Amino acid sequence: MKPTAKQRIWMYEMMLTSRKLDEQVFEAYWEGKKPVFNMGKGPLPGEMHQSFGQEPTAVGVCAHLGADDAVGAGHRPHHVAIARGVNLKRMAAELFGKKTGLSGGRGGHMHLYDKSVSFFCSGIIAEGMGPGAGIALARKMQGKPGIAVSYNGEGAANQGAFHEVMNMASLWKLPFVAVIEDNKYAVSVTKAESTVVPSWKRASGAYACYGEYVAGNDPDLIFEAAGRCIERARKGEGPSILEIETERLHGHFIGDSAGYRSKEEVAAQKDPIPLYRKRLLDEKVISEADMAALEARVKKDVDEAMKFGRESDYPAPNEALERVFA
Amino acid sequence: MAQPVADTGRSLTMARAGREAVIAEMRKNPNIFVIGEDVAKLGGVFGTTVGMADEFGAGRVIDTPISETGFIGIATGAAMAGMRPIVEIAFVDFIGVCFNQIFNFAAKTHYMSGGQFKVPLTMMIGYGGGYNDAAQHSQCLIATLAHVPGIRIATPADSYDAKGLMHTCLRDDNLTIWMVHKRIWGLGWLGTALKTAIATVPEEEYAIPFGQARIWREGKDVTLVGYGITVHHALQAADKLAAEGISAEVLDLRTIVPMDRDAIFKSVSKTGRLVVADEDYLNCGVTAEVLAVITERDPRVLKAPAVRVAFPDVPIPFSRPMEDFCLPDPDKLVAAAKKTLGKS
Numbered sequence: 001m002k003p004t005a006k007q008r009i010w011m012y013e014m015m016l017t018s019r020k021l022d023e024q025v026f027e028a029y030w031e032g033k034k035p036v037f038n039m040g041k042g043p044l045p046g047e048m049h050q051s052f053g054q055e056p057t058a059v060g061v062c063a064h065l066g067a068d069d070a071v072g073a074g075h076r077p078h079h080v081a082i083a084r085g086v087n088l089k090r091m092a093a094e095l096f097g098k099k100t101g102l103s104g105g106r107g108g109h110m111h112l113y114d115k116s117v118s119f120f121c122s123g124i125i126a127e128g129m130g131p132g133a134g135i136a137l138a139r140k141m142q143g144k145p146g147i148a149v150s151y152n153g154e155g156a157a158n159q160g161a162f163h164e165v166m167n168m169a170s171l172w173k174l175p176f177v178a179v180i181e182d183n184k185y186a187v188s189v190t191k192a193e194s195t196v197v198p199s200w201k202r203a204s205g206a207y208a209c210y211g212e213y214v215a216g217n218d219p220d221l222i223f224e225a226a227g228r229c230i231e232r233a234r235k236g237e238g239p240s241i242l243e244i245e246t247e248r249l250h251g252h253f254i255g256d257s258a259g260y261r262s263k264e265e266v267a268a269q270k271d272p273i274p275l276y277r278k279r280l281l282d283e284k285v286i287s288e289a290d291m292a293a294l295e296a297r298v299k300k301d302v303d304e305a306m307k308f309g310r311e312s313d314y315p316a317p318n319e320a321l322e323r324v325f326a
Numbered sequence: 001m002a003q004p005v006a007d008t009g010r011s012l013t014m015a016r017a018g019r020e021a022v023i024a025e026m027r028k029n030p031n032i033f034v035i036g037e038d039v040a041k042l043g044g045v046f047g048t049t050v051g052m053a054d055e056f057g058a059g060r061v062i063d064t065p066i067s068e069t070g071f072i073g074i075a076t077g078a079a080m081a082g083m084r085p086i087v088e089i090a091f092v093d094f095i096g097v098c099f100n101q102i103f104n105f106a107a108k109t110h111y112m113s114g115g116q117f118k119v120p121l122t123m124m125i126g127y128g129g130g131y132n133d134a135a136q137h138s139q140c141l142i143a144t145l146a147h148v149p150g151i152r153i154a155t156p157a158d159s160y161d162a163k164g165l166m167h168t169c170l171r172d173d174n175l176t177i178w179m180v181h182k183r184i185w186g187l188g189w190l191g192t193a194l195k196t197a198i199a200t201v202p203e204e205e206y207a208i209p210f211g212q213a214r215i216w217r218e219g220k221d222v223t224l225v226g227y228g229i230t231v232h233h234a235l236q237a238a239d240k241l242a243a244e245g246i247s248a249e250v251l252d253l254r255t256i257v258p259m260d261r262d263a264i265f266k267s268v269s270k271t272g273r274l275v276v277a278d279e280d281y282l283n284c285g286v287t288a289e290v291l292a293v294i295t296e297r298d299p300r301v302l303k304a305p306a307v308r309v310a311f312p313d314v315p316i317p318f319s320r321p322m323e324d325f326c327l328p329d330p331d332k333l334v335a336a337a338k339k340t341l342g343k344s
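Taken in order, these protein sequences are the chains called A and B.
Residue numbers for the first sequence, in our numbering: 1 to 326.
Residue numbers for the second sequence, in our numbering: 1 to 344.
Each hint can be trusted.
Below 25 Å or equal to it, Euclidean Cα-Cα: the simulated PhoX-like pairs (lysine-lysine) are:
id	chain 1	residue 1	chain 2	residue 2
1	A	K140	B	K28
2	A	K89	A	K115
3	A	K173	B	K41
4	A	K140	B	K41
5	A	K284	A	K20
Hints in this document: simulated from the structure, not taken from any laboratory.
Bear in mind the structure is a predicted one, so any value in this text is a computation, not a measurement.
Use the sequences and the hints to build the structure in full.
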């Protein structure tokens with residue numbers, strides 16, 4: 001199934017929202033961190049893993065999801081959270097560690113949770129696999145509609161948890177999709193250096209489930225492949241492994257200059273967002289005027305979210321002691 | 001203070017009592033299910049789930065592959081989505097491969113999500129040695145689990161508490177661990193259960209709150225603190241001490257997290273002497289936490305230095321004389337109590 005014009009415009013808008021947020025976060029991240037870089041300083045402290053280049057993997061999948069579905073992301077979650085519909089203001093506030101953040105500042109950028117859209121993260125590699133499949137199991141046990149999607153990197157698929165969970169998810173025919181974002185690097189280690197199979201799609205054979213590999217970091221192609229996986233899950237035909245070729249345009253986190261990549265390799269990387277913008281305009285999916293309006297709207301949303309995050313109050317320090325237990 | 005037990009003549013092993021609570025809760029709440037290795041057809045390596053698959057069906061009593069990391073993660077996700085899973089890990093020693101899911105996710109999700117996601121998950125775990133199963137099947141690891149915030153840990157010492165604490169765990173909205181020492185569980189393959197672990201268990205449901213210690217025996221000269229099997233060592237030690245004219249109070253922690261610090265301090269304030277028994281490793285263990293209660297509140301209540309009787313910091317040896325040398329036992333508690341009284 002190909003995306004409709006409306007879906008394609010939505011995909012572009014979500015990608016752009018993620019990108020604009022990341023751009024502003026990148027800029028703000030350096031406040032207080034120059035001339036001496038100290039990760040703990042400035043208004044946006046801590047590690048920051050941004051989504052530059054990986055936006056298509058989020059929108060192509062999340063375009064198919066509704067209120068009954070659940071999504072788990074990893075340590076690089078901004079694009080997925082935004083495509084899933086996580087509240088942008090509260091997300092930004094969480095990055096700043098503010099009281100108004102999704103978790104009141106307890107989580108931070110690697111631990112974004114928004115129950116209203118069944119979204120969660122884990123900063124530990126491949127750890128969202130089990131919880132994602134578990135939500136799928138719960139839906140099935142409760143006789144409720146809805147599927148679950150867990151996002152992992154191609155490096156995360158080398159974790160034992162990934163394989164244990166795929167086996168059980170397929171054994172029990174869970175409505176579950178394991179998305180693998182193949183950004184080609186596990187921090188600094190390439191897929192070829194870490195993984196004996198060229199594509200994790202092959203693992204679907206081991207787990208007797210469905211698998212796809214989508215090349216090109218192309219939102220339209222990702223949409224189509226994700227649609228096939230998700231439709232199977234909804235029909236009770238079991239889980240899928242959906243591996244998506246994507247690009248990590250920046251380092252692993254802000255501050256990683258990615259010196260382990262060659263200049264030629266970096267120069268050959270394509271930014272998916274301008275490419276998709278051009279395609280939508282060329283194919284007259286959207287008019288120049290509507291595009292301008294969309295881009296103005298995104299800018300306004302992101303500006304407001306960042307302002308909200310920046311200007312919100314910090315939590316009272318002793319709130320640290322609350323909510324360990326329900 | 002004696003435990004209020006209805007005299008129904010129902011003397012149950014801890015295994016049966018715990019199972020009774022699980023079945024009662026499962027009958028009431030369709031969201032509770034059991035997942036783990038050998039829980040369906042076999043009824044649990046320790047008999048914890050015998051007959052449940054027949055009553056509740058394979059959909060609610062789920063045999064898994066040997067994939068503890070995976071199924072604990074799956075249970076956690078199910079809990080986040082409204083189910084109330086019970087996960088069995090027969091031997092606590094196997095928990096190594098699950099630490100990531102437990103420590104980094106299940107225990108933290110409520111907090112990290114700012115209270116949005118609850119994880120009402122109960123783990124049912126066997127621990128302890130004394131039957132020559134060596135270093136990888138005899139550990140307690142309770143302090144290891146207790147060290148991480150977000151986990152409540154119940155360690156019943158008899159069948160009355162096994163049932164009441166299981167009800168409490170299953171009704172809690174957090175990650176709870178119900179742990180029983182294998183040698184008091186009433187397992188057919190470990191000989192006859194200790195008599196003191198087999199209590200009269202009322203048929204009706206009752207919940208024993210977390211953080212409420214139990215005084216099994218009152219005394220005035222020395223407080224013997226333990227939990228699980230060491231409560232029974234302490235009771236035997238108290239008998240021996242009584243024969244020598246020493247009055248020992250036996251305090252059962254019952255739940256390690258939260259710990260009833262008030263009860264510990266109150267008892268030691270009365271007796272002035274403290275012996276803490278634990279089959280878990282000594283270093284940074286539960287025994288140290290109990291001593292810290294006194295040190296922090298008022299060490300002047302102690303008339304003599306406290307004594308810890310715990311497993312020395314070595315892997316658990318296989319050979320019988322070596323393991324026995326390391327394990328706490330009643331005689332070691334007697335010696336420790338006498339030491340606090342300046343007697344040998």
